[in-house]
Structures are given as C-alpha cells and as structure tokens.
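Asker: Protein chains in written order, with numbering that gives the first Met the number 0: chain A, 0 to 260; chain B, 0 to 260; chain C, 0 to 260.
What the hints contain is simulated information worked out from the structure, not anything from laboratory work.
C-beta: ideal position from N, C-alpha, C; glycine also.
Certain hints may be false.
A few chain B positions that, by computed beta-carbon distances, are all more than 10 Å from chain A [stated by the list, open to error]:
#1 10
#2 15
#3 40
#4 110
#5 122
#6 177
#7 225
#8 258
Which stretches of chain B does chain C cover? Using the computed rule of at least three CB atoms under 8 Å from a CB of chain C, they are [said to hold, decoys possible]:
#9 47 to 58
#10 140 to 151
#11 234 to 243
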Amino acid sequence: MREPDSLRSTVDVAAACADVIERVRAHSPRVHCITNAVAQNFTANVLLAAGARPSMTISPEEVGSFVAGADALLVNLGTFDAARREATDTAVEVAAEEGLPWVLDPVLIDRSRPRAAYAADLVTRGPRALRLNRAEFSVLAGAEPEGEALRRYALDALTVVGLTGETDVVTDGARVAAIRNGHPLMARVTAIGCVASALVAACLAVEGDAWLATAAALLALGVAGEGAGAHARGPGSFAIEIIDALDRLDRDLLVARAKVQ
Amino acid sequence: MREPDSLRSTVDVAAACADVIERVRAHSPRVHCITNAVAQNFTANVLLAAGARPSMTISPEEVGSFVAGADALLVNLGTFDAARREATDTAVEVAAEEGLPWVLDPVLIDRSRPRAAYAADLVTRGPRALRLNRAEFSVLAGAEPEGEALRRYALDALTVVGLTGETDVVTDGARVAAIRNGHPLMARVTAIGCVASALVAACLAVEGDAWLATAAALLALGVAGEGAGAHARGPGSFAIEIIDALDRLDRDLLVARAKVQ
Amino acid sequence: MREPDSLRSTVDVAAACADVIERVRAHSPRVHCITNAVAQNFTANVLLAAGARPSMTISPEEVGSFVAGADALLVNLGTFDAARREATDTAVEVAAEEGLPWVLDPVLIDRSRPRAAYAADLVTRGPRALRLNRAEFSVLAGAEPEGEALRRYALDALTVVGLTGETDVVTDGARVAAIRNGHPLMARVTAIGCVASALVAACLAVEGDAWLATAAALLALGVAGEGAGAHARGPGSFAIEIIDALDRLDRDLLVARAKVQ
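Starting from the given sequences, assemble the full structure and let the hints guide the process.
Answerer: See below:
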C-alpha cells in the first residue's frame, strides 16, 4: 500500500520527475527571467529546448506586465545593479499578487555582502525554491550545507532548497532527494547553475509540489549533461550539446538514467 | 519585354536577392545595432558571417557617433529601459540627418503596452522596414496579419513590412513576396527574429529598394536555416550551424534553394 | 652562458609562455571582468577553459569587493555607459590599493572620441598591459603601430603593448615578441579581441613579468585558434572549437606549435 503524497523509491521519484518534464513540453509555460547578462542567451535557449517560453526584460516600467502574463518567475542575482533590484522588487510583488511561483538563485553571494543581505531579504518574500551551490548556502544559512542544516533551513524559510554540486540535494525539510546525475564539464561552463534555476522555474509553472518540481529540473539537467558529455570534445561543445540533449530528453531516457535517492 | 522596377518571377526575385547578399560581402557595411542583451552576441556573429561589420554600443553619449559612422541601423526593442530609449532617440535622429536606413524590430510588443506605444511612435519616424511576427503585427496595426492588411499598413506607414513565420511575407504595399524557406528549429532558438532584423539592416545598407533588401535578408536566413537543419542535432547546434551556413551561402546556393513568390 | 631575465630564442620564449599557461591551470586565478555584454558569455567560457575563475559584475556597489577578492582585473571599454565608467573607476582604484594587475582593452576607441579620451586617462592609472588592434593603437598613441612607435609608447606609458593582428606584437619597450600563430576565422568571430584581453588578465595573475604574461596569453589563443581552425566548418563552430582547443591546450602542443620571435 502506498500513501498519497509520498514517493518512496527511485523509480517513483524518477517517474514523477518525468511527468513534470513532460508537462513542461505539453503546456509550454511562460517563464520570466530576471537574470544576468552572462546567462541570458544560454538560459533562453535552455528554456526553449525544454519546451518553455522565456522572456527576459528587466526594465522596471514593464517587468510587471511580463510577470503578470507569465507562469513562473526566475530571480537570479548574478547582476546586482539598482535597475535590476527595482525590477526584482516589482516582479516579486506581482508574483505574490498573482500567486505565481518563483525561484531565487543567489549567485555569488559569498563574494559580496550587500548581495548576500539582499538575498536574505528576498528569501522572506516567499520563493518556492532556492537553487544554489555550497558556498552560497553557507552564507545564506550561516551553516555548513549538510543534511540536517539543509532540512532545517528549508523548514525555517518555508521553501525548497535545491543544492547543486557533485551530488544535488533537494529538500523541503521533510523529504530529501539526492541526485547523482551530471558530468564534470558542467563545472567548466559558465551559467550552468543559472540555467538549472531557470529550469526549476519552468517546472514550478506546471507542478505545485515545489520539491518535486525542483528535483525534476535538476534531474533533467543532470541526465542531459551526461548525454552532452558523451558527445562533447570540451566545455565549448558541451554547452551546445546540453541544449540538444535537453531537446531530445524523453520520459524513457530520464527514467532509465535517473540516479535519485 | 520587362518593365523597370518590376520583378516578375521567382528566378528574378531570387537573383536580385542574391545580388544584394553579394554586395553585403563585397562592401562590408557597418551596421549599428541597438539590441537586447539576449541577442547581442548571436547578432554580431550573424552579421560577421554575412560579411557586415557590427557595432553594438547603447551608451547615450556615443551612440550618435557610432550611427554617424555606420551604413545602417537596427533598432530592436527587446530590452526597453530608459537608457536604451534615450540611445534610440539619438540614433534615429542621427540616422534621419545622415539619410541612413534603419529597421525596427518591435520585439514582444504584444506583452507590454508601453513598449507597443513606443513602437507605434517609432514607426512615424521613418524606418525603411519593420521585421516582426504575427502577434507583433496585430498589436501594431490593429488588424490580423493577412495580405490586404499587410499591404495597407505598409502603404499607410510608408515602410516595408517583413512578417516572419512559417512563410515570410514582405510587402511595400505594391509588391508582395512570399518566402517559403526556413526550418522548424528556427522557432526553437532564441533571438532568431532579432538576427533576421539585423540582416535586414545589413541589406538596407547596400540596397536602396527596401522591399528587395528585406526579402534578400529573410531569404538568406531561410536558406541558411535549411542548410543548418541538415547538420544540426538539436536547437543548440542549429544556432551554431546557421552561422556557418550563412558564411558559406553563395549566389548559386541561394538561387537554387529559393522558394519565393 | 645565459643572462637572467632575458629570453633569447623561440624555444625559450615558448617554454616560458607554457609555464605561465600551466600556472593558470594550477592556481585557477580569479579574474574580475568589466566587459561588454556582447563578450561576457564567451569571455567567461574562455577563462574557464583556460583554468581561471571569472566574475563579471559591473554594479558600482559591489565591484570593489569582487576586485578585492580577485587576482587580476580586465577593463574592457566595449560598453561605455555611466554605470560601467563608475564601476571602472572603483575597480581601478581597488586594484591599485591591492597591487592587483590589470589589463586595459580600449575597444573601438577609433569610433568614439569620448571613449578614446577615457582610455587615454585610464592608461595613466597603471594598467600592466594594453591589448588592442592597429586602429585602436593609432588613436591612443597618435602614431602608426610600427615597431619603434610601439616600443616608445610602452616606455612612455610604463606598460606592455599587446597589439593583435595577423602577427601579434608584444613589447614592454625593451623586449619585443612577434607571434605568428592564429587563424583567419579569428577575425570573423565577435569578441575575439575581448577574450584575448581576458586571457592576458589571467596570465598577469600568475606572472609578474607583464611582457611574458601578455605573450603567453596571445600565444595560447593563437595556437588554440589554429587547432579550432582545423575542426571548424565556419565562424559559428570556430567560436565553439576555440574554447575546446583552449581546454585541451598543453605544454607540449604549445611549444611545438609556437611561432614566436
């Protein structure tokens, strides 16, 4: 017998993740992205490859209408200027009014205190998920990114933590998924974390369980990364191949390759 | 007997388009681009592949001197902030003074009213061509993008309409070209419309007949897209292959592959 | 017998350059880049391929802390707006305080007088190296970019001149290296000069002799360009292949292929 709302085995989680990825393709959600200039083109192409429809304006005058017409929002702090902060404030406010899910990517907050303070403030404004690396988590949570601290932070902040690294860990405080897919070249391509966060937003648009949406996005990117790694001749071609691999990714491949616990 | 200024058959139009593309390579026109951050790198590489010389600054202090030294101007509204509007105002003014042709790309005006209003105002300032999709045309013209409405809009606005989609339609109100080249992956790569508009600008730099220049640009991109589609393994590699295909594109290939009416 | 600090033969220079490139991989220096939006993604991926760790923020509020935590700084004038000038002023000041080496890339100063004036001012603030093309040198130095003028300018400005073109010339006024590596497609890809400057910054981070660091960066890019040219089918794939080639570049290949005098 199986309880509702509980996913017990790798196969269950992988199959549920595959459902989410299929729904992204079926519904083509609009994902508005406030992200940095380094990541914008790559992010747009990754979202298109996954079946979503990206928009990218950061103009304070019109970001509100773009967010109001979107199905999910990405807030990436990779560029942190006054105009983007103003756009972010408006975007998050509109997302709250519209009940739109959003994900926060606190890029490089370990390198800048004002950015870290701004990220901490944003966490209080209701992101459904955070996607970050170990150094960024440590700054935000004031704790090492280990199992218990991750769970406690997710519970305290009422959000899902999607920690990426050699193994990705996704937790909402109650459930924990460890994803062992991926490829070493993912650490050699700029903005891979940023596109992971954008995929989380796309999945949040079609899946109300933010833990599952976050796991689906990170699993899909990890499996696509493995496919890309099989064809790439270095980090340049890897960044192209991972877009092609996401485009090809289907349910069977995702379930067959998933290393989720 | 053949009237001057009239192109009667597919072969005539395709050959005239091939002339324009050859002149871009021969004269290497300078094309100044006010465009969005998502599109900038791709646009610069597409222009270089076609033989043009791009510049991209949007700084209000110096955009005037870049435009004055250029052979054509692209105004793309994909990012719509105060600084870009100021740069656009200066650029369009300098283009008018210098008699420089320019093309307007009213990106996503169906998503933002202030952007649509700004685009409508820009149309009154004399772009030689508009490059847009169906949703954008509908907002700008207040009419469905069908044959008669396209012609009437071009006549009223004294410009050329280059409508892209499965079939591209180019009209100056009197003449209509329908271009059936292209590849489905063109809809899966970000900023393809933006680079189409940049190619229109490059062709306007070497061809005074804006209808022919616009048709040449869209035909070249469509044929390059077919070549790219033959090699691509997905949308990531397609975006690379289309640059390579534009670089290789020559008169014989363009005329042989053209599906223009 | 061999004098210290003097490199007499092609083999000596190439071997010394290879040492620098190996040190970049071994130490993974942090390189903060104030660069233009066209170049940002390509620059970040090139630095990662060479083994460095890029950061790119241009926000005036935090650029100081990023520079203080970096090992070298790139100042690229390809976008020249008020915010980037403010960020540059702060970054150069912090670099001076911290003794951090920095490189100036005066992009397109031949197209804009205010940009040229700003570049001339920056030269007085102590860049260890300039990376520029012939037109840019002519504007900055008020002289043709020939051997004697290059040497005199380097001596007067107390910097290293890294002039790129068909043959790259690197001089500190005393020593001159001519590098004949490279590939014609390097002139057909946007931002190749910008990434060359970023590699100079990465090499300055690990090599106190700015002449040698600049030569190492330009040699590595030239040899990688030759490798890329062997696989590329056009400028689109070339831009990808050069990243892969930089990633594969090792000491033996660099020394075997070097054409340095």
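Asker: Can we trust that residue 258 of chain B is non-interface, i.e. its beta-carbon lies farther than 10 Å from all of chain A?
Answerer: holds, 25 Å
Asker: Looking at residue 10 of chain B again, its CB stays over 10 Å from all of chain A?
Answerer: Correct as stated: the minimum Cβ-Cβ distance to chain A is 36 Å, above 10 Å.
Asker: Determine whether the non-interface label on residue 110 of chain B survives the test: each CB of chain A must be over 10 Å from its CB.
Answerer: Not fine: 6 Å to the nearest Cβ puts residue 110 of chain B too close to chain A.
Asker: Checking the smallest CB distance to chain A, is residue 122 of chain B really beyond 10 Å?
Answerer: Since the minimum Cβ distance to chain A is about 19 Å, residue 122 of chain B lies beyond 10 Å and the statement holds.
Asker: How does the segment 47 to 58 of chain B fare against chain C when you require at least three residues with a CB closer than 8 Å, holds or violated?
Answerer: holds (count 8)
Asker: Are there three or more residues in the segment 140 to 151 of chain B whose C-beta lies closer than 8 Å to some C-beta of chain C?
Answerer: Check failed, 0 qualifying residues.
Asker: Are all beta-carbon distances from residue 40 of chain B to chain A longer than 10 Å?
Answerer: violated, 6 Å
Asker: Is the nearest Cβ of chain A still more than 10 Å from the Cβ of residue 177 of chain B?
Answerer: Consistent with the label, residue 177 of chain B stays out of reach of chain A, its closest Cβ about 26 Å off (over 10 Å).
Asker: Is the nearest CB of chain A more than 10 Å from the CB of residue 225 of chain B?
Answerer: holds, 18 Å
Asker: Would you assess whether residue 15 of chain B, listed as outside the interface, keeps its beta-carbon beyond 10 Å of every beta-carbon in chain A?
Answerer: Per Cβ check, residue 15 of chain B is outside 10 Å of chain A; nearest 34 Å; holds.
Asker: Given that the segment 234 to 243 of chain B was listed as covered by chain C, double-check it with a C-beta distance under 8 Å for 3 or more residues.
Answerer: holds (count 6)
The structure fails hints 3, 4 and 10 (numbered hints given earlier, in ascending order).
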